Structure formats: structure tokens, C-alpha cells
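Undergrad: Protein chains in written order, with the working numbering: chain Z, 2 to 355; chain P, 250 to 641; chain S, 6 to 137.
Among these hints, one or two may not hold up.
[Said to hold, decoys possible] Quick list of the computed label-pair ranges, beta carbon to beta carbon:
no., chain 1, residue 1, chain 2, residue 2, range
1, Z, E259, S, G30, 16 to 26 Å
2, S, L55, P, H315, 42 to 52 Å
3, S, G126, Z, M197, 15 to 25 Å
4, Z, E195, P, L445, 56 to 66 Å
5, P, E442, Z, G348, 39 to 49 Å
6, P, P374, Z, D339, 23 to 33 Å
7, S, A9, Z, A87, 17 to 27 Å
8, Z, E195, S, R10, 46 to 56 Å
9, S, R10, P, V373, 14 to 24 Å
Derived from the structure by calculation, the hints contain no laboratory data.
Since this is a predicted model, take the numbers as computed values, not measurements.
Think of the CB as a built atom: it goes at the ideal place given N, C-alpha and C, for glycine as much as any other residue.
As a plain string of letters, each chain reads:
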Amino acid sequence: MDSGIVSYGIYIPRYRILPAEIGRVWGQNGTAMGKALGIEGKSVPAPDEDTVTISVMAARRALARIDLDPSMIGAIFVGSESHPYAVKPTATIVAEAIGAAPVLTAADFEFACKAGTAGLQSVLGLVNSPDAQVPIEYAMAIGADTSQGAPGNALEYSASAGGVALLVSRENVIAEIKHTVSYTTDTPDFWRREGMKYPSHAERFTGVPAYFRHEQEAARLLMEHMGTEPSDYDYAVFHQPNGKFPVRVSKMLGFSKEQIQPGLWTPKIGNTYSASMLMGLAGTLDVARPGQRILAVSYGSGAGSDAFHIEVTDLIDSYRRKSAPLVSEEAEKKIEIDYAVYIKLRGKLKMEGE
Amino acid sequence: MGRLAREVAVIGIGQTRFDEHWNTTFRELGIEAGYRAMEDAGISSRMIDALYLGNMSAGLFLDQEHISSMIAEVVGLTEGQVPSTRVEAAGASGGLAFRQAILDVASGLNDIVVVGGAEKMSDVPSSVATEFIAAGADQAWEGLFGATMPSLFALMARKHMHDYRTTREQIGMVAVKNHRNGSMNPLAQFQREITLDMVLNAPPVAEPLGVFDCAPASDGAAAVVLCDLKTAKDLSEKPIKVIGTGQGSDSLSISNRPDITSMRATKAAANRAYEMAGVKPKDIQVAEVHDSYTISEIISLEDLSFFEKGDGGPATERGDTSLNSLISVNTSGGLKARGHPLGATGIAQITEIVQQLRGDCGERQVRDARFGLAQNLGGTGGTAVVHILEVV
Amino acid sequence: MAVARHWRQQDQRYNLAGTRCGVCGGHFFPRRLMCPVCHRKSIGKLERFLFSGRGKIESFTIVHDPMTGYDLQVPYIIAYIALEEGDHVLGQIVDCDSSEVEMGREVEMVFRKLSEEGKSGTIQYGYKFRLI
Numbered sequence: 002m003d004s005g006i007v008s009y010g011i012y013i014p015r016y017r018i019l020p021a022e023i024g025r026v027w028g029q030n031g032t033a034m035g036k037a038l039g040i041e042g043k044s045v046p047a048p049d050e051d052t053v054t055i056s057v058m059a060a061r062r063a064l065a066r067i068d069l070d071p072s073m074i075g076a077i078f079v080g081s082e083s084h085p086y087a088v089k090p091t092a093t094i095v096a097e098a099i100g101a102a103p104v105l106t107a108a109d110f111e112f113a114c115k116a117g118t119a120g121l122q123s124v125l126g127l128v129n130s131p132d133a134q135v136p137i138e139y140a141m142a143i144g145a146d147t148s149q150g151a152p153g154n155a156l157e158y159s160a161s162a163g164g165v166a167l168l169v170s171r172e173n174v175i176a177e178i179k180h181t182v183s184y185t186t187d188t189p190d191f192w193r194r195e196g197m198k199y200p201s202h203a204e205r206f207t208g209v210p211a212y213f214r215h216e217q218e219a220a221r222l223l224m225e226h227m228g229t230e231p232s233d234y235d236y237a238v239f240h241q242p243n244g245k246f247p248v249r250v251s252k253m254l255g256f257s258k259e260q261i262q263p264g265l266w267t268p269k270i271g272n273t274y275s276a277s278m279l280m281g282l283a284g285t286l287d288v289a290r291p292g293q294r295i296l297a298v299s300y301g302s303g304a305g306s307d308a309f310h311i312e313v314t315d316l317i318d319s320y321r322r323k324s325a326p327l328v329s330e331e332a333e334k335k336i337e338i339d340y341a342v343y344i345k346l347r348g349k350l351k352m353e354g355e
Numbered sequence: 250m251g252r253l254a255r256e257v258a259v260i261g262i263g264q265t266r267f268d269e270h271w272n273t274t275f276r277e278l279g280i281e282a283g284y285r286a287m288e289d290a291g292i293s294s295r296m297i298d299a300l301y302l303g304n305m306s307a308g309l310f311l312d313q314e315h316i317s318s319m320i321a322e323v324v325g326l327t328e329g330q331v332p333s334t335r336v337e338a339a340g341a342s343g344g345l346a347f348r349q350a351i352l353d354v355a356s357g358l359n360d361i362v363v364v365g366g367a368e369k370m371s372d373v374p375s376s377v378a379t380e381f382i383a384a385g386a387d388q389a390w391e392g393l394f395g396a397t398m399p400s401l402f403a404l405m406a407r408k409h410m411h412d413y414r415t416t417r418e419q420i421g422m423v424a425v426k427n428h429r430n431g432s433m434n435p436l437a438q439f440q441r442e443i444t445l446d447m448v449l450n451a452p453p454v455a456e457p458l459g460v461f462d463c464a465p466a467s468d469g470a471a472a473v474v475l476c477d478l479k480t481a482k483d484l485s486e487k488p489i490k491v492i493g494t495g496q497g498s499d500s501l502s503i504s505n506r507p508d509i510t511s512m513r514a515t516k517a518a519a520n521r522a523y524e525m526a527g528v529k530p531k532d533i534q535v536a537e538v539h540d541s542y543t544i545s546e547i548i549s550l551e552d553l554s555f556f557e558k559g560d561g562g563p564a565t566e567r568g569d570t571s572l573n574s575l576i577s578v579n580t581s582g583g584l585k586a587r588g589h590p591l592g593a594t595g596i597a598q599i600t601e602i603v604q605q606l607r608g609d610c611g612e613r614q615v616r617d618a619r620f621g622l623a624q625n626l627g628g629t630g631g632t633a634v635v636h637i638l639e640v641v
Numbered sequence: 006m007a008v009a010r011h012w013r014q015q016d017q018r019y020n021l022a023g024t025r026c027g028v029c030g031g032h033f034f035p036r037r038l039m040c041p042v043c044h045r046k047s048i049g050k051l052e053r054f055l056f057s058g059r060g061k062i063e064s065f066t067i068v069h070d071p072m073t074g075y076d077l078q079v080p081y082i083i084a085y086i087a088l089e090e091g092d093h094v095l096g097q098i099v100d101c102d103s104s105e106v107e108m109g110r111e112v113e114m115v116f117r118k119l120s121e122e123g124k125s126g127t128i129q130y131g132y133k134f135r136l137i
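Turn these sequences into a full structure, and let the hints steer you where they fit.
TA: The following block contains the structure:
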């Protein structure tokens, strides 16, 4: 058996704001904006939530679905573009909060929206080399974010919050990761300078030369290496900054609507950035059956895509999915808020003494 | 159980008005209460053997510790290097200082002792005062998790309402009664009566408690002069004897107690005081009960055995704790209307009981007051001190 | 800056980790180094005990006048919770409307931010509760 995913856990904050409500404040037709972006609503973190709390919740849920002594986890990497500390890793707090400390390695990753899958590739490398310098049996990669859109900017409709934790190993695998390949270039489509509160982007440049190029190149490279075609896969999951891009890129590559459906969650919860593709993967694993194949391709601005060829094993039949919420269940637990409450929750109000 | 080695009596009392004293410093508050008590006792400072001070938080409110030395100096006692001791137990600091002074005199170490209580709370913004007051509860396991002092009493209130069918109205009636009493006390912070409607419709602080269920943050000081009974009879026409003192402790946080609808520290302190005094609850005519929050008076009425468990609310509603009813509770206006400078409260409770037992309370006089009781609490009941006094 | 003081309590706050007396079997949260029943006999015999985080609401209040650092969350709910192991804790109830909170409602622990030491200081994390 190849190494792969042993367990996964997700977390989505409960609050939701709808496009119509955002549009109302900015004199835009919010409903139309929502339709154009393929987004029905986005998740908003509570004032006491951040990338750390979301990562911990996702990690705990991954562990709730299996019986594993957490001290067996030898590595934790957390990828995000909204770590609460610029210096002091989210991963160390997760380690203490799930009982994996102190014998492990940990670090935080940054690569825009693909920081989580960058972590995934790293933990795969670690568990794949038991005889090498770093003997690690179980390792965890987390992608989590509480992304921000500048007020009035189009990103405000989509930038949301969520987290996905993947535990990998060579044993007890429910979904093997048979191959991974990445396509990386220096493409400045979307960035945030140190100290700035909101990211900037190059508008339409973020499309064809950025998202579409890297997603397609990575997907094609993977299928070339594996000798596969779109029809060889049961499911495909792409990075989903809105509800439209993943649909378009899947079509360009030759995948069908049915193949991407279980993995398309941005329409319901917005773009969870480092959790985006992983949330789609989790949603797919929620329904996948033994023997099914998944092509999963993330995208991170700056830019790069990580592609994975995943095959579901028989062990998924005895996997305790029900011990933690499914993506569909989390997405449905909503508390709708208006723009004023949204501003309060997102810390955009200057409080006394600030 | 315990016995005092010799009898102790109060021969002088003094108090500032409790208020927001913008123009008065902490030191000045201490002086005013002190000289009033000395005037009332009719003695000179040269006769004072020791000073005890109750103060919760000069360190937090004023960045000043070591106030035992500070106050001894401003009242002129350091000229004779008079021993001075500061006592702290959150809101029970005053009552506990009074007890320490009693033990000092009763032991025979000293004959004439002054006990003061003082606090200055208005120099900091209310949000900061909230934080400092919460330091009287469990900062690590209650405060850090968002619990303010009123919220802790609100939790106790809702449980009491659930377990004993105490009503929101009954709880509110405590404030109405105490404001009515306060309107007859020239030194009370609040001089106006309030209606039950005002209490029920006040802005919420921690539901079900609102603004009128909570004692204010105040500035003020109070002082009493204590001496052994023999000396008291020589110096005073109307000495008031301390016949019982009791103290009890309980966990700092409410979660470590078996029942949050009762404060065990009060029960223990009261039983010890009643036993020492040789009196029963029904013998008490007038009582100062710790109403930092309205629910605290209701729970304390039960813990002091004035009423059955669960009857505190109905008793208040029946008027059994009103002036000259079954037992006159908080004739001073209580913490609610008289004000609650944390360290001063315990001493102010004693000054009220002494005045009542002397027959000096005018409009708010309790008829035939012979035995009086004062109960002082720290935080949510981590400390309780109970004193019983009798006309000589 | 109370960095060390907060750090010392991390395990208890993150994991609801208390202690269990190896002599009488009683468990405690927050942790104790000496059992209040067994006293000195229990010294050195207290083991780490993880509470499940599940419990029931035995009292609650809605706080309008906040504690420092809780301003953005006003009004917020504080509950007195009976954990399924029997011990009690105080905790904030999150992610619901105050009208949904009732005596006896079941809750489960979640991991949230408690406070921070200003914008440049450390962040304190710990347990809060959600209605089940």
C-alpha cells in the first residue's frame, strides 16, 4: 500500500454573510455579483476564532475519526496566509492542543492558497522515508485561513474562513496518494506585502496567466506521469476561489460536472484559501467508495499548483466518518449576519484606545 | 467553640459620605473617617495602641501598596511608631480588619485600637474597575474566561430562581427596600428612592441582574475605635459590646463549591458568631447584610438562618426585612444605596449597627434594637465575616 | 506581560486537563497537586486526567458589561456547566443566539481565543462551549 490519508477533519465557522447584503452596502447588485462569482454565501469567523482555533478544531476532528495515540504524530505543518503570529508557528499550538507535543517537528507554511498542500507534500515526504534521517510514522498537514477582503473590493464577496486537517501515514490508509507533482513559477497575480492588512491583486491577470495556467499544467503533468485521462478518474477537485473558475478549468481539462460536484464547496461557504481545495477533497472523501480515483489540484498565487493522484482503499468502508461533521453538515450549520455585525466580527472597527 | 480572652467594645465611629469624591485623595478619605471616629470616642491619638486597615485594592486602583504605613502616617500615628496592619479579603477586607482588631484587644496585647476601611475606586474608568473588582473572584478560571463579578452573582441568581422559584421581582425588591432606607441616611451615596419598575427595566449588566441590582463603585472610608470593655465603660457613655465574631472561607471560584445557591463561608461564620454570642438568629433585631448584588442579600438572609433556604425572596416580598418588621435588614441602605468602597464597607456596616444599638438613627431607627449583626463577604463568598454586637 | 503564567496553564486551558487522585479516584478541574479529601497521602499520586468536554448547563447569564478583552463579543453568554464527569466549570457559550440557551442543555467543548495581551503580546487560547 502506498502512503496516503489516514484521516481527515474539517471546520467551518458558523456565521454567514450573503452577497446581497454585501452589495447593499456598496451600492452594487449583490445578488448579481454573487451569481457572477458562483457564490451563495461565505463563512465569517467569530471574533474569538482565528487560523489557530480553526486548525485545532479540524485536527481534533481528524483524530476523532480514528483511534490513534496522538503522541505518534511526528510532524505537523500548518499552511495559511492568516497565521495570527508572523513569528510563532500555529503548528506548535496545534501540537499542544491535540496531545502530539513534545516529540515532533512542526512548522508553518506560506504559499497563498496552496500552503496546505505544500504541507501535505512535505509530510508525505517524511512518512515515505522511514529508514532515512527522519523516522516518522504519522504526520499531519493542515490548510486553514481567515482570509480578508478589503471593504468594497470584489474579494469581499468570496474571502472566507475554514480549515482542513489531513493525517498521513504508510499504514491504515483510507486514500492512497500515489503520485504528486507541482508546477511553480514566479507569477505575481495576487500578493500581500508584510505589514499590510489586505492583499492586492492584478485583476484579470489572476485568471489565464495565473490560476488557469498553473492548474492545467499541473493536472496535465500528473496525468502524463500516471498515464491517465480525465475519464480514468471518478472525481476531480480544483482550487476554488469562486464557484466559476473550477468549473471552467475542469471543462478545459475534459472533466465533467458530475466529477467535480462533490468537491465544489466554495458556492456554499466562500473561498477558504489554504483550505479551499482541501475542503473540496474532504467533501469528495465524504462520499467516495473503495477503488475510486480522485485528481486533486491546488493553486496558490505567486504562483504554483500541486497535483495529486489519489486512490480510495477498502479501509474507507470501516472509517468512522460519522465521528465528526461532514463538509455538507458543517456547511449547513449557519447563522446569518448583516454587514454591520460582519464588520464587528472581522475586526474592521477601530475600538477605543486603538 | 472559640472564646475571646476578654470582652471588647466599640466606643467611637466615623465615616465619610460614600460617593465619587473627585476632590479628595485616598489619604484624605482616611483622615476624615479617622478623626470623626476619634471625636466620637472622645479620645486623643496618643491613646491609640494599634491601627488596623481594611483595603482591597489600593495596589490596583492607585498603584500603591503598603498602605498600612501610608495611613498610619497621615493620621499622625507614626510619630509614636504605632503598629499598623493592612488586611485584605476583597470586599470583606473591612470586616476582616475589624475582626483582627477585636482579636488584638481581646488577647490583651493592646487596649485601644482604631480600625479603618477605605477604598478609592473612581479614579479609573468603569471597564478597568470591572477588571479590578473581578480580582476578588478567580482571575485565572473565571475572569480570564469572561466572567465579571456581576456575572458570577447572576449565575447564582438564575440557579436560585430555578431551584427555589425565587422571582426576578423578589430579587429586585431588595434594591427598592435598600434605597428606601438609604434615603433616610445622610451619608448614603444614593439618597433617592427607586421603584421596582426602575429596577426591572434598568439596562442589563449580566442577566438577570441589571444596573439597579449592583452596588456602585465608590470612594469612601469608615473607622471605629475599639477597646476592652473595662476601658470602654470608663471612656464611653454608650459602649457597644462585640459578643460574637465568626469567620469562614470557601473556594475562590464558584465552580469548586457543591451548591452555588448558598455561600458556605457565611453559614460557617454565622454559626461561629451565634455560638460565641450565645444568641439565635431570631434574637437579632437589626442586620447589615452584604448586598453587593441584590441576590447576595437574598442568599445571605438564608445563610444567616434568618429565613429558611429558598424563603429569602418571599421574605423580602412579604416585607419581613423592611424597617421595623421581622428583622430590619440594611437600614443604612446597604451596599446598594449607601455605596460600596470595597475595603470601607465592612467597617461602615459596623458603624450602622453601633448607631442603631445606641438609638441614634433618627428616621431609620429600629425600635428596641438590642442585638445587631453585620455580615461582610469577599468576592462571591470566598471569605465571610460575621459580627454580633449588643447594647451594654 | 504574564507570558509564563499563561504558558503554565496551557495544558489545562487547551485540553481541559485536570488531575485524578491515585488514592481515592476523585478528579478535579482545574488540576490540583493535593487531593482535598486525601490531603498529604495524595502528594505525588495525582495523575493527569482529561475531561471529555461534554456537559450540561446548570446556570447561565448574558453579560452586557464585558470583561477586558471581551468587548467585541458583547453580549456574550457565560454558563456554569456540569461536566459529564461531575466537576463544574465556567465557560462561554458560543455560536448561538442567547434565546437558545436553557437550563439543562447539553454542550461540548470547542477551542477558541480567550484573550490577548494587546496587539503585540501573546494570544491566550482555551476552552469554550457550544450547544449540542
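Undergrad: Please go over all the hints and tell whether each is borne out by the structure.
TA: Outcome of the hint check:
no. : hint                         : verdict
1   : Z/E259 to S/G30: 16 to 26 Å  : violated, 56 Å
2   : S/L55 to P/H315: 42 to 52 Å  : holds, 44 Å
3   : S/G126 to Z/M197: 15 to 25 Å : holds, 21 Å
4   : Z/E195 to P/L445: 56 to 66 Å : holds, 59 Å
5   : P/E442 to Z/G348: 39 to 49 Å : holds, 45 Å
6   : P/P374 to Z/D339: 23 to 33 Å : holds, 30 Å
7   : S/A9 to Z/A87: 17 to 27 Å    : holds, 22 Å
8   : Z/E195 to S/R10: 46 to 56 Å  : violated, 31 Å
9   : S/R10 to P/V373: 14 to 24 Å  : holds, 22 Å
Violated hints for the displayed structure, listed by number in ascending order: 1, 8.
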